[in-house]
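Enquirer: Both chains are given apart, each in its own frame, so use the hints to dock them into the complex.
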Amino acid sequence: MVFLAPERRGAFIARFARPFAKPNIADLLMLVLIGTSAVLVVHGVQQMNQPLAALHQHPVVLELGRLPGYALLTTLRMFAAILCSLIFTFVVGSLAAKSRKAALVVIPALDILQSVPVLGFLTFTVAFFLGLFPGNELGAECASVFAVFTAQAWNMAFSFYQSLRTIPSDLDEASRQFSLSPWRRFLRLEVPFAMPGLIWNTMMSMSGGWFFVVASEAITVGDNTVTLPGLGSWLALAIERKDLGAVVWAVGAMALVIALYDQLIFRPIVAWADKFRFEQTASQERARSWVYDLSRRTRLARTLFAPIAWLGRALLAFEPPRIKSRAITLPARAERWIDRAWLGAVLVAVILVAIKAAVVLSHTLALPAVGEAVTLGLLTLARVLILIVIASVIWVPIGVWIGLRPVWAERVQPFAQFLAAFPANVLFPIAVMVIVALRLNPDVWLSPLMVFGTQWYILFNVIAGASALPTDLKEAASMFGVRRWQWWRTVALPGIFPYYVTGAITASGGSWNASIVAELVSWGQTHLEARGLGAFIAKATAAGDLPRVGLGVAVMSLFVIILNRALWRPLYGFAERRLRLD
Amino acid sequence: MLQTLDRPLVEVSNVRQIYAKGNGADVVVLDEVNLTLRQAEIVGLLGRSGSGKSTLLRSIAGLITPTAGTVTFPSNPDLDGQASVAMVFQSFALFPWLTVQENVELGLEAQGVGRADRRRRALAAIDLIGLDGFENAYPKELSGGMRQRVGLARALVVNPSVLLMDEPFSALDVLTAETLRTDLLDLWCEGRMPIKSILMVTHNIEEAVLMCDRILVFSSNPGRVIAEIKVELPQPRNRQDPQFRALVEDIYARMTARAGQSPLGEGLFPGTGIGMVLPQVSTNLLAGMLEEIASSKFKGQADLPELGDELMMEIDELFPVAETLQLMRLAELEGGDIRLTPAGRRYVAADVDARKQLFAQHLLTYVPLARRIRQVLEERRGREAPAGRFRAELEDYMTPEKAAQTLKAVTDWGRYAEAFAYHEATDLFSLEDPS
Chain A
0 MVFLAPERRG AFIARFARPF AKPNIADLLM LVLIGTSAVL VVHGVQQMNQ PLAALHQHPV
60 VLELGRLPGY ALLTTLRMFA AILCSLIFTF VVGSLAAKSR KAALVVIPAL DILQSVPVLG
120 FLTFTVAFFL GLFPGNELGA ECASVFAVFT AQAWNMAFSF YQSLRTIPSD LDEASRQFSL
180 SPWRRFLRLE VPFAMPGLIW NTMMSMSGGW FFVVASEAIT VGDNTVTLPG LGSWLALAIE
240 RKDLGAVVWA VGAMALVIAL YDQLIFRPIV AWADKFRFEQ TASQERARSW VYDLSRRTRL
300 ARTLFAPIAW LGRALLAFEP PRIKSRAITL PARAERWIDR AWLGAVLVAV ILVAIKAAVV
360 LSHTLALPAV GEAVTLGLLT LARVLILIVI ASVIWVPIGV WIGLRPVWAE RVQPFAQFLA
420 AFPANVLFPI AVMVIVALRL NPDVWLSPLM VFGTQWYILF NVIAGASALP TDLKEAASMF
480 GVRRWQWWRT VALPGIFPYY VTGAITASGG SWNASIVAEL VSWGQTHLEA RGLGAFIAKA
540 TAAGDLPRVG LGVAVMSLFV IILNRALWRP LYGFAERRLR LD
Chain B
0 MLQTLDRPLV EVSNVRQIYA KGNGADVVVL DEVNLTLRQA EIVGLLGRSG SGKSTLLRSI
60 AGLITPTAGT VTFPSNPDLD GQASVAMVFQ SFALFPWLTV QENVELGLEA QGVGRADRRR
120 RALAAIDLIG LDGFENAYPK ELSGGMRQRV GLARALVVNP SVLLMDEPFS ALDVLTAETL
180 RTDLLDLWCE GRMPIKSILM VTHNIEEAVL MCDRILVFSS NPGRVIAEIK VELPQPRNRQ
240 DPQFRALVED IYARMTARAG QSPLGEGLFP GTGIGMVLPQ VSTNLLAGML EEIASSKFKG
300 QADLPELGDE LMMEIDELFP VAETLQLMRL AELEGGDIRL TPAGRRYVAA DVDARKQLFA
360 QHLLTYVPLA RRIRQVLEER RGREAPAGRF RAELEDYMTP EKAAQTLKAV TDWGRYAEAF
420 AYHEATDLFS LEDPS
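If you read the protein sequences in the order shown, they are chains A and B. Residues in the first sequence are numbered from 0 upward in steps of one, following numbering that gives the first Met the number 0. Residues in the second sequence are numbered from 0 upward in steps of one, following numbering that gives the first Met the number 0.
For reference, chain B alone in the conformation it holds in the complex (with noise of 0.2 Å):
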């Protein structure tokens, strides 16, 4: 038995995704990743947005041919042949003109099967998903989550051994991803489903902690596994259960963990200096951290996860407000908790005009590109200096988007530290009149 769930189902070896961006320096977007999928086993892939865990599922669903390195579906006695996979996205992805059951059909038809056959496929799997008396809907008139049905239907009924997840519940409210997430942890343990293995995208710990046998955590820039646990409480898992719980805190460490021993506030966005690359993080929202943090609730020290569930905020949203406020030392990232620093309780405690100073402190002094833009302004006689000069700029370092993304996070910045200013028309950062 246990030697005939060992055999693999997709080999991934080596895998290497590059972006050329035309000036030499290359964007690498998955670096040397290997991975292998078993039998009767669901994988999660764990990581913030910009790991490359999407594009793995990409290179293995065949839309995209890896730089380096080979995805392989080894011969399997158990299949008669090779696995094949079918892909759920999470935008669901349906064509709005076609009805559920013509859109759940969309991978038979292309296939070739018979239009009876067809039908018969459909429905069986429409039924198994939960679907019945949809048939014939058209997408716009369901919800997310029937939406989502079809999805999981359309890929279910072309027969795959390996199915294929995109963040598949994220895009659905709280409540209607947990049900979705137990219907198919139900099918799946029951066996109703003609799956033999399940990969999929995430970037919810607890997501990936509730439905995983397996984890792979991705860290960013560039995507490589840097942990893999076994998940090994048994199903169905307890979101209470102190295993559980420690298994959630273990994860949040790893991921707000330093790579290597890099100066404090740097290392954790890609890049260094002038070419680090930002999140866009609204002021409001940073303090709106912070106030939270300094509660009564946590009195200045917050165990992420319970930070998380309290703002109702993903890892993807939580990690980069709360690296924003590391980056400028207003907080401190350690060990899955993130805690005040004293300027940042001096920062919850002051009144709007301090506040802003306080920020505009930090900014010029620990964001490298505010620091530069302000330097060039006050060296300029006009105090003006088009902002295309700074996007130049920081291309050298990162892609055109990343650059946009950057300078205007900022640029936001700027202005609410009143640092700067900045004219959309025009395009230029100028210095207020100080008057």
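This is chain A alone, in the form it adopts within the complex (with noise of 0.2 Å):
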């Protein structure tokens, strides 16, 4: 896993030292921590249960005082969102590895859906949770979760879905022998299992969704705005009133606010999953959090970590009746059948639905539009490719650089981190000042914006890659004198390599998604536009026209997914085949 901070000393000693001492600093900080939480989650979901009436009287202010209240309910929509992705995961990940007929539907959709720009869903979601609850802020909150949601939850599910179809053979034997319930089987052996790899999911799935709670708390679907009290509706109003400030201000909030829940719950849940990690060998890198040690070396925080630690007991004690089912075996002949008949079915559906929706945009689009929106997706794929080179080109030799280094590495790494977290659209304004006061060209110079927030996730996965070269790989190229442009073709670029296109993929993706707001910004009155499909839909949910909207998602996520089976999946599967270290 490449995002483990690595192991320093110290962890050690706090692992071991005094397990039975008495309370202390460090029982106080918990304390306080945990505490200071509680609080936090009861006044936020208070405040979130308002009726919508109460929203329009009290719009979102530019207070300072309110600043540290808006960003917490922005983190309690991510808590929320992950939340429900976690159980869409289970559940739906469970399902396509149980049951063949619901992969056959379930695998397709989950690598469609993560290739879709789930930016352009709002304007729909918006209103189907709208009318969900007339006149209630819930519906507003429940479609910004939503919008979340719809960007963490597939890639998590995928993951899922692929641990448990490679738990080993071994492991499922034993289990089968002492005849595990289903239910136990799921707690002692799959979840575990599947741990390292949906942590990693969720922390990246995290990242990606801080974008999304900035853009989703304040939209424009025709007359209607809704405005939910946020980080991100406090940034539309700045850039409304054209507050520097207090853009500035949501930029450190929103910068604090990612730190925290780095230090505060995702470091202390790598470091306490380390023990799922499958490995037999115990590792040289043990994931270090001071929470978590924190956490290790208290009485209090074991006594107030019980009520947790009594629902895992609880779960596991709990042991829903058997269902005497006998698995019927049917030939295989049969059961091919039985497959073929059910993706018949499947397909015949799908089929059927296009061809409604293919109808009813009909009768409300031109075939111009489908041109236009084409030719625009062709301009913003140009975008996207260029500038994927062109920070390639870029962050490349520096990533190399840094990962050769282990000293600096280490330093870089979590920043690297740290700023894919950080919602690019936050400094949005700032570029668009710029823009502005340079008389730049907005065709050009928006562009970058849409690689802003993703090109990290390229740098810190060439750190990681560069980092992992093996030492006696480099020893032997230095021991030969392979230097220059021989060394970078023989040992930099071939072991990298994999871990490039995993960063590309991801920033190509995120880039897609994130033209919908950066081909289309402004600055008070100040409009700013780049031709491209993003500012298509973009200007077209703010205009409310859903048929315009449809098309321009529908052609988005059509050159995404080309995109991805022509280039990306070709590079991985060259990367896996050919240039593992392993």
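The set of hints was computed from the structure by calculation and includes no laboratory data. Even glycine gets a Cβ: it sits at the ideal position worked out from N, Cα and C. A couple of the hints might just be wrong.
Just a sample of chain B residues kept apart from chain A, beta carbon distances all over 10 Å, derived [said to hold, decoys possible]:
no.: 1; residue: Q38
no.: 2; residue: Q100
no.: 3; residue: E108
no.: 4; residue: D116
no.: 5; residue: E134
no.: 6; residue: D249
no.: 7; residue: V351
no.: 8; residue: R388
Below 30 Å or equal to it, Euclidean Cα-Cα: the simulated DSS-like pairs (lysine-lysine) are [stated by the list, open to error]:
no.: 9; chain 1: A; residue 1: K538; chain 2: A; residue 2: K355
no.: 10; chain 1: B; residue 1: K355; chain 2: B; residue 2: K401
no.: 11; chain 1: B; residue 1: K401; chain 2: A; residue 2: K97
no.: 12; chain 1: B; residue 1: K401; chain 2: A; residue 2: K274
no.: 13; chain 1: A; residue 1: K274; chain 2: A; residue 2: K100
no.: 14; chain 1: A; residue 1: K274; chain 2: A; residue 2: K97
Expert: Following this line, the structure appears as structure tokens:
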């Protein structure tokens, strides 16, 4: 796992020193930490459940005192979304892994949904959820949480599914031999085995999620403007009022929130999850987290975590009644026919829906609109490709340089991960001001915003790849005097390639999404637009023109899927086949 | 006394296990296997990989349902009912996220045993198997030997009447394996384990003779019981005892004997002609073994158990090499011995180029698949042929995995012999430019 901070001494001592120490400073810190969190969560939830009218009366105000509260609300939305994503993951992932028929539908669906620009869907989901809870803020809250959910859930479910499919056969046999019930198997084997991959993907999802939560708090759909109290709305208001100070505060608050969530939530979880790693050998590098160490050192913490431990035990003690079902074994040929029939039924259903959608769209959209969307799509495609190339040219050498120097890598890596999580849309207004002030061409200069937030994925993956270059390879290269271009060609580039591809895929996917907010930006009354599919979708959304939004999203999905199939997947396959170092 | 001991715990009758391949040609893994496991005996299932011995063990464990035949647990008054089983795995199969104690408690937890009771019984099993002090350790902190002890404790704690062991010591180093064997035999002989009998799978002949009261020798492809050998030496047994050696020697001879009257060289590997399933044996190993047999210690003829000891190879590694040499007429197997042929002697004496030429000549003469690849390449104008076509051809006779393995073996030999070349990126065989 590339995201783990390298081991430092000290964690070891913290782990074994004084297991039965008296309450101490550490206890106090834990108490404050947990107590504050509890109060904040309760407060935040109370605020969320207000009628919509209250929202309009008390719109977001740019008072500094309110900022922490807004940051808290934004964070809570994130966690609500991640919780939904986890539940979705467990249900859908298990379903797909256990039923071949479900897998036939679920897996391609997840694959497509991963590539779809979810920002484009906001229009539809906002309308849907507002209708679900008329006159209550909860509808808008749901829409926002759902937007984040749609950005997070797919890769998590995919990761869980793949873990379930690769459970080692001996552990599977051991659980069957001791006749573990399905429920116990889930708790004792499946979830623990999937844990490392799931946590990694949850982290990536969270990183991506901040972008969407900021984008989804202030949404204008036609005449409806929904403003949820939060950092995103604060930012939208600051932009409208041209309040640079407020923008800077928002940037600061966002940075603080991300740093806190990383230190307080994710690092402890990663450190704790170290025991779920499947390697049978003790690892050299244990992920460490001061919060985790603190929590293990204190008796108070153990008391505080007692409810969680109790919940774990209760889950394990719970034994659902066994359903006595005899597996019906059919001849292989019959099985194949049933599979085919099922697949056929699914295909027919998909085709019917597609025809229906086409009919609806054809009433409202003319063919030229389709041509326009495709042309704009090509423009955005060109932007994405050129920007990925530029970002690669810049970050690959730098990443390799850093990765080969462990001291630097240790310092830079967390920072690069932090930048990847930071929602770039918070910084857009500043870029707009620069473009306006210097009278730059928006068609060109808005483009960098698309990779602004996503280029870091390339950087930190390349750093990880360069750090992982085996010492013997480096030594052999230096002994034979392999230098300069030959060194890059034979050592560095092949060595980091698998990592680079992973980073570039993430960056490319993120850039498509970002184009929806990056190609159309504003500062007060100044609106800048770069011609492209992202601006097309953004304008249609603002105008409440649902068919055009649908068309834009569909075309963009198509572009993303084609790019994935034609470029990224073959590259990934090549990296897996030829350039693996183990 | 004798009568109660004769009561069967497990009855396996006419078990067949067949894997359907889809194209009609099914693979028979087990063929008409019968076995009765009685009280107070250790029975060994001995055979090389692919003989279906593990499959049989898993059928008894209830992990696999055999295609035909039955596995029954007759009611036994000594047990107040039927025999129960628990299994020890070759790879230990420990849950890395559970501590030693939690791993041991797993089976009890599944049975719904209460916490206090679970803990007490687990600690007793941990104590019995010599793991005290490690209760809170995670498996990754333990050495291989300690891990397998956890596996044993986990199986014993559920109070099985039959302990099933699937090559329990083969993932351990020689010394550790020996310690564990001795400890287990001590516990068994002193009657300190609750179990009534042990059924173990092994491919280590000496291990089988050392531990078992009865050994069933399996043939490969299809797996059949070809011999049942009673070991009546008293415990503890001594490996240097002449009777022990004689028994080991006898089993080696039986396992390398050619089935029926098939022509020399063929018949040891399953399948005939191009459909022969070949093992992936590196040419370095082949050369190394020829040299060892030619060395001053063996002088051209070696006793297989001794050769295995000398090279630190178990039969799973030793036999494929020996049999490949036999297939290529570089050595001959007979009565538990391996002897160099005149060609084998020439090979050992030759220099690198001459070795390659000799190897190429034998490869193309005696390995039908190599001959076929060469032939096809010579007929083609471009002197190239996709490897996929040979793979497809092989899959008519064997499973895709076996086909890939066979083709890989022949590719490796062909590359060494410079009989043909292979390009991984294009998946093409070719004749290298002669110039």
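Enquirer: Next step is simple, just say for each hint if it's right about the structure.
Expert: Checked hints:
no.	hint	in the structure
1	Q38	22 Å, holds
2	Q100	14 Å, holds
3	E108	7 Å, violated
4	D116	14 Å, holds
5	E134	15 Å, holds
6	D249	33 Å, holds
7	V351	25 Å, holds
8	R388	21 Å, holds
9	A:K538 - A:K355	25 Å, holds
10	B:K355 - B:K401	26 Å, holds
11	B:K401 - A:K97	28 Å, holds
12	B:K401 - A:K274	37 Å, violated
13	A:K274 - A:K100	34 Å, violated
14	A:K274 - A:K97	26 Å, holds
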